[in-house]
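Student: Here are the chains, one letter per residue:
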Amino acid sequence: MTAQPAQTAPLTAEETEIYGWQLDVTGFGSSGQQQLKQSTVLISRVGGLGSAVAYELAAAGVGRLILAHAGDIQPSDLNRQLLMTHDGIGTPRIESARKRLLELNPRIEIIAVPENLCPENADRLVGMADCVVDAAPLFQERLAMNDAAERRGIPVVEAAMYELEASLTVIHPPQTLRFRDLVPDVPRGWTRRFPVFGAVSGSVGCLAAMETIKLLSGLGQPLKNRLLRINLRNMQFETILLAAPE
Amino acid sequence: MTQWQVTLEFSGPLQRNMQTSELTVQGSGPCNISSVLTALLHSQPAAAAALGATPESVSVTLPPGLLVLRNRVLLPLRPETCLQPGERLTLMPMISGG
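Residue numbers (our numbering), protein chains in the order written: chain P, 29 to 274; chain X, 397 to 494.
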């Protein structure tokens with residue numbers, strides 16, 4: 029998404045106080061904050077990665093967050109899914125996420141969808157958003173969301189991790205490659221369960237949140253046609269140039 | 397027939413399955429993505445399992461989601477993309493962990 033001229037009500041005194049420290053960021057200011065306030069972001073799953081994304085976007089004051097995640101909290105969620113709690117085991121993940129986010133920032137709107145992204149709901153959910161963040165563990169979900177976003181011209185922040193590695197890029201055709209240029213179909217070698225520390229999914233989640241803020245506010249240079257590759261085992265960060273297909 | 401060797405670096409599930417971060421593969425004839433992957437999969441069944449591919453399949457189509465990088469630049473994702481003997485490439489399967 030390209031930042032649009034602000035046509036929103038001025039920030040309230042309370043908002044100016046709460047977001048004051050980020051209003052000081054060069055190139056952001058009140059107009060950037062107003063862009064966040066009027067924006068809607070869809071986050072596909074609020075697990076280890078999406079929890080961190082949602083928390084940071086809520087803290088930053090993105091006006092409306094659509095969270096899509098099915099299922100109930102499991103004990104094995106709790107090493108990384110920071111919006112879930114021990115007391116909530118057996119209850120819907122999405123309700124726990126909504127509650128925790130509103131405790132942090134009651135000024136924002138949360139739309140909690142107890143579904144995972146799929147071809148049947150992708151257009152409906154993506155169509156409600158200005159930007160989407162892909163934090164899903166299955167390529168089927170990533171493909172469905174990217175297909176829908178491409179049809180609607182909506183940017184996707186693509187974030188993923190595996191063990192101590194992570195990757196991050198922004199997909200926004202035709203300015204960038206299509207996700208299907210990188211992943212034409214579901215990779216046969218990928219398995220549903222993956223090795224994960226919460227610190228890894230949380231790290232890339234924070235970076236994905238920053239990319240989202242940049243896209244919404246026009247701040248900085250988002251990772252378009254570039255892929256950030258992170259290896260926390262040896263603390264290597266490198267940016268890969270994603271050349272356009274011939 | 398021209399002999400060639402190419403050094404491959406691995407990441408993500410590919411590195412985990414192969415239990416090594418790099419390997420040099422050798423072959424003869426055309427040096428391209430297809431022939432290098434064929435050599436790798438012939439000698440390393442663990443790589444075939446990680447990529448869900450066979451030596452025969454990579455001559456026709458690359459495993460979906462496999463990125464081939466040279467000096468941090470994505471190479472065109474086609475089996476016939478030419479490589480230089482002696483060069484070092486990175487094989488990076490796209491990951492989806494959240």
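Simulated from the structure, these hints should not be mistaken for lab results.
Be a bit skeptical, because a hint or two may be false.
Covered by chain X, according to a simulated footprint, are these stretches of chain P (three or more residues, beta-carbon under 8 Å) [claimed, not checked]: (1) 166-177; (2) 202-211; (3) 262-268.
Chain P residues, not near chain X, derived (Cβ > 12 Å throughout) [stated by the list, open to error]: (4) G48; (5) S72; (6) Q109; (7) T113; (8) G116; (9) V141; (10) A188; (11) E193; (12) A194; (13) W218; (14) L255.
All residues carry an ideal CB built from backbone N, CA and C; glycine is no exception.
Student: Next, verify each hint and record whether it holds.
Tutor: Hint check results:
Only when three residues or more bring their CB closer than 8 Å to a CB of chain X does the claim for the region 166-177 of chain P stand; here the count is 3, and the claim holds. Under the rule that three or more residues need a Cβ within less than 8 Å of chain X, the assignment of the region 202-211 of chain P holds, with 3 such residues. Coverage of the region 262-268 of chain P by chain X holds in this model, with 3 residues showing a Cβ closer than 8 Å to a Cβ of that chain against a need of three. In this structure G48/P is separated from chain X by more than 12 Å, as the shortest Cβ-Cβ distance comes to about 32 Å.
The Cβ of S72/P does not lie farther than 12 Å from every Cβ of chain X; its closest approach is about 8 Å, which violates its non-interface assignment. Its closest Cβ contact with chain X, about 10 Å, brings Q109/P to no more than 12 Å, contrary to its assignment away from the interface. Every Cβ of chain X is farther than 12 Å from the Cβ of T113/P; the closest lies at roughly 19 Å, confirming the non-interface assignment. Annotated as non-interface, G116/P keeps its C-beta farther than 12 Å from every C-beta of chain X; the closest such distance is 19 Å.
With a least CB separation of 16 Å from chain X, V141/P remains clear of the 12 Å interface cut-off, as annotated. Non-interface status of A188/P relative to chain X is broken: a Cβ of that chain comes within 12 Å, the nearest being about 5 Å off. The beta carbon of E193/P is not kept farther than 12 Å from every beta carbon of chain X, the shortest such distance being approximately 6 Å. Not every beta carbon of chain X lies more than 12 Å from that of A194/P, the smallest distance being close to 8 Å; the non-interface claim is violated.
Taking the minimum C-beta to C-beta distance to chain X, about 6 Å, the non-interface status of W218/P is violated against the 12 Å cut. A beta-carbon of chain X is positioned within 12 Å of the beta-carbon of L255/P; the least distance is around 8 Å.
Going down the numbered hints, you'll see the structure goes against 5, 6, 10, 11, 12, 13 and 14, while the others check out.
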